[in-house]
Amino acid sequence: MFCLNPNHRQYDLIFGTEGASKGNLFIGEWHAVKNREFLSKAKITHVLSALTPKSAFFPELKSLQIEQKIVAISDHPDESITPHFEPAIEFIGSALQNGNIFVHCAGGRSRSVSLVVAYLVKEKGMSVQTAIAAIKEKRPEAGPNHHFLQELNTF
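The sequence shown maps to residues 324 to 478 in our numbering.
Source of the hints: derived by calculation from the structure; they are not laboratory data.
One should not assume that every hint holds.
Unchecked claim - List of simulated lysine-lysine pairs, DSS-like, C-alpha gap at most 30 angstroms:
#1 K357 x K392
#2 K445 x K459
#3 K377 x K459
#4 K345 x K364
#5 K459 x K357
#6 K392 x K459
#7 K461 x K364
#8 K447 x K364
Quick caveat: nothing in here was measured; it's all calculated off a predicted structure.
Could you put the whole structure together from the sequences, leaning on the hints where they help?
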């Protein structure tokens with residue numbers, strides 16, 4: 324993929340320790356799911372895909388013995404992300420106890436970030452603003468769309 328931004332990254336380690344075999348959470352874009360070097364080096368055991376179902380099919384994950392959960396959602400103001408918070412929080416929590424997780428959407432900015440913010444709010448006791456700021460420190464382009472942000476603030 325050609326990208327005009329030389330600082331563009333497909334994924335970022337949001338928390339954890341680089342190289343650790345469990346407890347690491349990465350956020351990024353869908354291209355990273357096809358990056359075997361990243362998946363192997365980061366020791367990814369779980370992938371949470373926040374995409375439309377048609378876009379979220381990555382058969383290579385099965386051959387790599389990576390567990391995938393699909394959150395079927397579009398990045399659109401008419402979509403509600405709230406029903407996906409609890410299942411995503413459970414999946415993220417389980418993944419972090421047993422391995423490393425990569426949470427992604429198309430661009431690694433809105434849907435994936437919203438799900439990780441919900442996890443940080445519920446499981447780590449952060450405020451929405453603190454969680455977003457912590458993610459933005461590692462992934463500056465992160466930012467839930469306006470509707471998802473409203474939903475996070477009422478979660």
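> Would the pair K392 and K459 pass a check requiring their Cα atoms to be no farther apart than 30 angstroms?
Replying inline: Roughly 24 angstroms between the alpha carbons, so the hint for K392 and K459 holds.
>> K445 and K459 were given as a pair; does the straight-line alpha-carbon distance stay at or below 30 angstroms?
In response: 19 angstroms, holds
> If you draw a straight line from the CA of K357 to the CA of K392, is it 30 angstroms or shorter?
Replying inline: Satisfied, since the Cα-Cα distance of roughly 16 angstroms is no more than 30 angstroms.
> CA of K447 to CA of K364, is that 30 angstroms or under?
Replying inline: Roughly 27 angstroms between the alpha carbons, so the hint for K447 and K364 holds.
>> Would the hint linking K459 and K357 be met if the CA-CA limit is 30 angstroms?
In response: With a Cα-Cα distance of about 24 angstroms, the restraint between K459 and K357 holds, given a limit of 30 angstroms.
> Straight-line Cα separation of K345 and K364 no greater than 30 angstroms?
Replying inline: At roughly 12 angstroms apart (the allowed maximum being 30 angstroms), K364 and K345 satisfy the hint.
> CA of K377 to CA of K459, is that 30 angstroms or under?
Replying inline: 29 angstroms, holds
> Is the hinted pair K461 and K364 satisfied, with a Cα-Cα distance of at most 30 angstroms?
Replying inline: 19 angstroms, holds
Of the numbered hints stated above, none is contradicted by the structure.
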